[in-house]
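> Given only the sequences and the hints, what does the whole structure look like? Please build it.
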Amino acid sequence: MLRFIIRRLLVILPMVLLVITIAYALIKLAPGNFYATERGLPEAVERNIRQKYGLDKSWYVQYGKTMWNIMRGDFGFSRKYQDQTVNEILWQAAPVSATLGLTAYLLALTLGLTFGTLAALRQNSALDYGSMAAAMLGISLPNFVLGPLLVLVFALTLFWLPPARWEWWVKIGSGGIPNPRFLLMPAVTLAALYTAYIARLTRSGMLEVLRKDYIRTARAKGLSERQVVIRHALRGGILPVVSFTGPALAFIVAGTVVVERVFAIPGLGNYFINAALNRDAPLLLGITAFVAILVLVFNLLVDIAYAFIDPRIRY
Amino acid sequence: MSEENGTLLSVRELRTYFETEDGTVKAVDGVSFELKRGETLGIVGESGSGKSVTNLSLLRLVPQPPGRIVSGEVLFNGEDIFALSEGEMRKIRGKRIAMIFQDPMTSLNPFMRISKQLMEITQLHLGHTRAQAYERAVEMLETVGMPDARTRARSYPHEFSGGMRQRVMIAMALSCEPELLIADEPTTALDVTIQAQILELIKELKRKTGTSVILITHDLGVVAGMTDHIIVMYAGKVFEQATTRELFACPGNPYTKGLLRSVPDPSHEEGTELYQIPGLPPDVARLPPGCPFAPRCERAEEICRREYPPFVQLNHDHHSLCHFAREVYDKSCHERESRKPAQEFTLNAPQSDSPATEQNQ
Numbered sequence: 001m002l003r004f005i006i007r008r009l010l011v012i013l014p015m016v017l018l019v020i021t022i023a024y025a026l027i028k029l030a031p032g033n034f035y036a037t038e039r040g041l042p043e044a045v046e047r048n049i050r051q052k053y054g055l056d057k058s059w060y061v062q063y064g065k066t067m068w069n070i071m072r073g074d075f076g077f078s079r080k081y082q083d084q085t086v087n088e089i090l091w092q093a094a095p096v097s098a099t100l101g102l103t104a105y106l107l108a109l110t111l112g113l114t115f116g117t118l119a120a121l122r123q124n125s126a127l128d129y130g131s132m133a134a135a136m137l138g139i140s141l142p143n144f145v146l147g148p149l150l151v152l153v154f155a156l157t158l159f160w161l162p163p164a165r166w167e168w169w170v171k172i173g174s175g176g177i178p179n180p181r182f183l184l185m186p187a188v189t190l191a192a193l194y195t196a197y198i199a200r201l202t203r204s205g206m207l208e209v210l211r212k213d214y215i216r217t218a219r220a221k222g223l224s225e226r227q228v229v230i231r232h233a234l235r236g237g238i239l240p241v242v243s244f245t246g247p248a249l250a251f252i253v254a255g256t257v258v259v260e261r262v263f264a265i266p267g268l269g270n271y272f273i274n275a276a277l278n279r280d281a282p283l284l285l286g287i288t289a290f291v292a293i294l295v296l297v298f299n300l301l302v303d304i305a306y307a308f309i310d311p312r313i314r315y
Numbered sequence: 001m002s003e004e005n006g007t008l009l010s011v012r013e014l015r016t017y018f019e020t021e022d023g024t025v026k027a028v029d030g031v032s033f034e035l036k037r038g039e040t041l042g043i044v045g046e047s048g049s050g051k052s053v054t055n056l057s058l059l060r061l062v063p064q065p066p067g068r069i070v071s072g073e074v075l076f077n078g079e080d081i082f083a084l085s086e087g088e089m090r091k092i093r094g095k096r097i098a099m100i101f102q103d104p105m106t107s108l109n110p111f112m113r114i115s116k117q118l119m120e121i122t123q124l125h126l127g128h129t130r131a132q133a134y135e136r137a138v139e140m141l142e143t144v145g146m147p148d149a150r151t152r153a154r155s156y157p158h159e160f161s162g163g164m165r166q167r168v169m170i171a172m173a174l175s176c177e178p179e180l181l182i183a184d185e186p187t188t189a190l191d192v193t194i195q196a197q198i199l200e201l202i203k204e205l206k207r208k209t210g211t212s213v214i215l216i217t218h219d220l221g222v223v224a225g226m227t228d229h230i231i232v233m234y235a236g237k238v239f240e241q242a243t244t245r246e247l248f249a250c251p252g253n254p255y256t257k258g259l260l261r262s263v264p265d266p267s268h269e270e271g272t273e274l275y276q277i278p279g280l281p282p283d284v285a286r287l288p289p290g291c292p293f294a295p296r297c298e299r300a301e302e303i304c305r306r307e308y309p310p311f312v313q314l315n316h317d318h319h320s321l322c323h324f325a326r327e328v329y330d331k332s333c334h335e336r337e338s339r340k341p342a343q344e345f346t347l348n349a350p351q352s353d354s355p356a357t358e359q360n361q
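Protein chains in written order, with the numbering used here: chain A, 1 to 315; chain B, 1 to 361.
Warning: the hint list may mix true and false statements.
Once the Cα atoms are required to be at most 30 Å apart in a straight line, the calculated BS3-like pairs of lysine-lysine come out as [to be verified]:
id, chain 1, residue 1, chain 2, residue 2
1, A, Lys65, A, Lys28
2, B, Lys26, A, Lys212
3, A, Lys212, B, Lys95
4, A, Lys212, B, Lys203
5, A, Lys171, A, Lys80
6, B, Lys116, A, Lys212
Sample of chain A residues at the chain B side, in silico, Cβ under 7 Å [stated by the list, open to error]:
id, residue
7, Asp213
8, Tyr214
9, Thr217
10, Arg219
11, Ala220
12, Gly222
13, His232
14, Arg235
15, Arg312
Treat the hints as calculated values from the structure; they're not laboratory data. Small disclaimer: the values here were computed from a predicted structure and weren't measured. The beta carbon of each residue, even a glycine, is placed where N, CA and C say it ideally should be.
This is the structure we're talking about:
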């Protein structure tokens with residue numbers, strides 16, 4: 001097990017470098033640059049800028065220098081926010097995205113597992129059809145529709161909640177405890193899709209497990225239906241949700257472009273979009289690397305969790 | 001409560017149907033039998049003959065829907081099982097009637113340690129504390145011949161062989177000292193050598209505890225050495241019912257005779273083919289009006305296809321569902337007398353010398 005974890009951790013570094021290389025190539029291949037304006041720059045100014053940022057060098061020198069710095073953990077200064085390093089921006093934005101993402105995912109897990117399990121236990125009942133129809137709606141309703149709808153109702157009509165932005169209630173370092181009034185709507189918007197997925201995965205997983213022989217054994221022991229489900233069925237039934245959680249959690253914690261945009265939240269997703277529009281290469285690479293690491297680490301955590309849930313799995 | 005050696009279980013006209021897209025499947029259709037305290041009853045039949053559903057109905061474990069217990073009465077110790085509340089029923093399941101299933105590979109929870117699965121049942125029914133339950137679990141594992149029970153109790157099911165898992169199932173089933181043990185094809189999924197050991201174990205534990213046993217199987221060789229009574233089921237109906245000795249000696253039903261002829265016999269002449277009953281079991285959703293076995297029966301005549309056969313009493317304790325029950329019975333008895341004793345059908349169940357010699361993979 002320990003050897004497995006170490007081996008997987010060792011793979012992370014080359015994987016991240018590969019991802020960064022691909023992202024680097026795509027940025028270079030994309031048309032446009034960070035200094036271009038609509039009116040165009042005098043040739044001398046452009047030459048100075050290119051020289052300042054080392055863009056006049058050959059591509060492999062540029063690439064080598066960038067990678068060397070990244071391996072030392074230095075992504076450099078943002079091209080757009082010139083007084084901030086990429087690391088500073090990540091430090092500011094990551095806690096916001098992580099707080100929002102974790103809240104949303106916990107909400108999605110709670111609701112999804114509850115309704116998925118209930119739907120499986122009462123298969124073909126009104127509850128089953130009702131929650132699966134709601135899940136279908138959750139999957140098909142894009143969050144750029146759901147978000148503004150919530151804003152329209154709860155902010156602009158009822159005036160219960162602020163329509164956008166983010167506030168720390170208690171600040172600790174660059175993170176803290178969020179103000180729930182600002183957190184609520186984006187978290188619900190973000191959770192909708194994941195709740196729907198988790199509910200459907202739970203339902204099908206539970207339905208499969210409830211047909212197993214060992215569930216019949218548990219019933220024949222005289223356990224109540226509740227004990228049968230909680231002690232015997234749930235563990236196998238949620239395995240699909242566990243494998244879904246790895247990548248899902250990584251992406252949700254790394255910031256979601258649309259929801260952060262809709263609610264004007266200063267998270268990684270918002271920075272990522274701005275960086276792409278501005279051709280802000282260092283910031284793009286920084287966020288890409290961060291997301292890549294998160295995905296790899298969360299997948300590793302899921303594999304470890306698997307071994308704890310299912311004793312048949314050994315690494 | 002009935003007195004010692006009284007009737008433990010009485011099943012009357014049990015009917016369990018399944019609603020499917022193809023219509024109503026009459027999986028169990030009017031089954032009646034009695035089981036006395038301390039006795040062993042064998043229920044024999046091909047796949048789909050309703051033997052498992054009969055027993056799941058006794059514990060009210062038939063999945064509903066699509067299953068439905070349509071009618072009938074099950075008296076356990078004089079108590080009407082179908083009149084009990086779900087809570088009262090749960091106090092019977094596992095405690096007073098325990099069950100062992102066909103496939104030990106899938107009947108244990110793969111996510112749970114053996115010890116925990118065993119402890120669960122005594123904690124539930126006997127109110128054991130964790131420590132008591134653990135001791136009881138180890139004790140039961142030793143009883144069923146698990147070597148090194150104390151350490152192996154911590155294992156997970158996948159760390160055991162099929163035979164060992166079935167021992168665990170038996171340990172679990174017997175840990176509350178049930179009055180009735182239902183073993184649903186307990187050896188079908190196991191190797192032949194292990195089969196013998198498991199049967200021997202059930203026999204031995206039955207002798208020790210005095211538990212009544214219902215043994216469900218499709219293998220007449222299995223029931224021969226173990227049971228007092230046998231019920232032969234076909235298409236959800238009881239075709240023949242007799243004491244084991246009587247059934248093997250003078251079968252009164254062509255179906256039973258067919259089954260007996262299809263058991264491999266070691267003294268069988270070499271080179272001759274093993275008998276098999278022609279055709280397949282019928283679709284119980286669409287039974288013909290006559291005898292359900294008629295299309296496959298050697299003895300069938302016009303009346304068999306037209307009229308449903310009567311349940312004929314042949315002897316004090318011997319019934320057969322056949323238009324020609326009496327003739328078949330007389331013929332069987334006659335054949336038996338004309339045979340030399342040495343060629344008589346061997347009543348030996350597979351024997352084993354040492355039940356604990358089985359090794360784990």
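> Compare the structure with each hint and give your call.
For each hint, the structure was consulted:
1. A:Lys65 with A:Lys28: holds, 15 Å
2. B:Lys26 with A:Lys212: Judged against 30 Å, a Cα distance of about 24 Å means the pair holds.
3. A:Lys212 with B:Lys95: At roughly 22 Å apart (the allowed maximum being 30 Å), Lys95 (chain B) and Lys212 (chain A) satisfy the hint.
4. A:Lys212 with B:Lys203: It holds: about 28 Å lies between the C-alpha atoms, which stays within 30 Å.
5. A:Lys171 with A:Lys80: Roughly 26 Å between the alpha carbons, so the hint for Lys171 (chain A) and Lys80 (chain A) holds.
6. B:Lys116 with A:Lys212: Answer holds: Lys116 (chain B) to Lys212 (chain A) is near 19 Å, not above 30 Å.
7. Asp213: holds, 4 Å
8. Tyr214: Holds: closest Cβ of chain B sits about 4 Å from Tyr214 (chain A), inside 7 Å.
9. Thr217: At about 5 Å, which falls below the 7 Å cut-off, the nearest Cβ of chain B leaves the hint on Thr217 (chain A) intact, so it holds.
10. Arg219: holds, 6 Å
11. Ala220: holds, 5 Å
12. Gly222: This interface hint holds because 4 Å falls under the 7 Å limit.
13. His232: holds, 5 Å
14. Arg235: Holds. Min distance 5 Å.
15. Arg312: With a closest approach of 5 Å, the Arg312 (chain A) hint holds.
Checked against the numbered hints given earlier, this structure breaks none of them.
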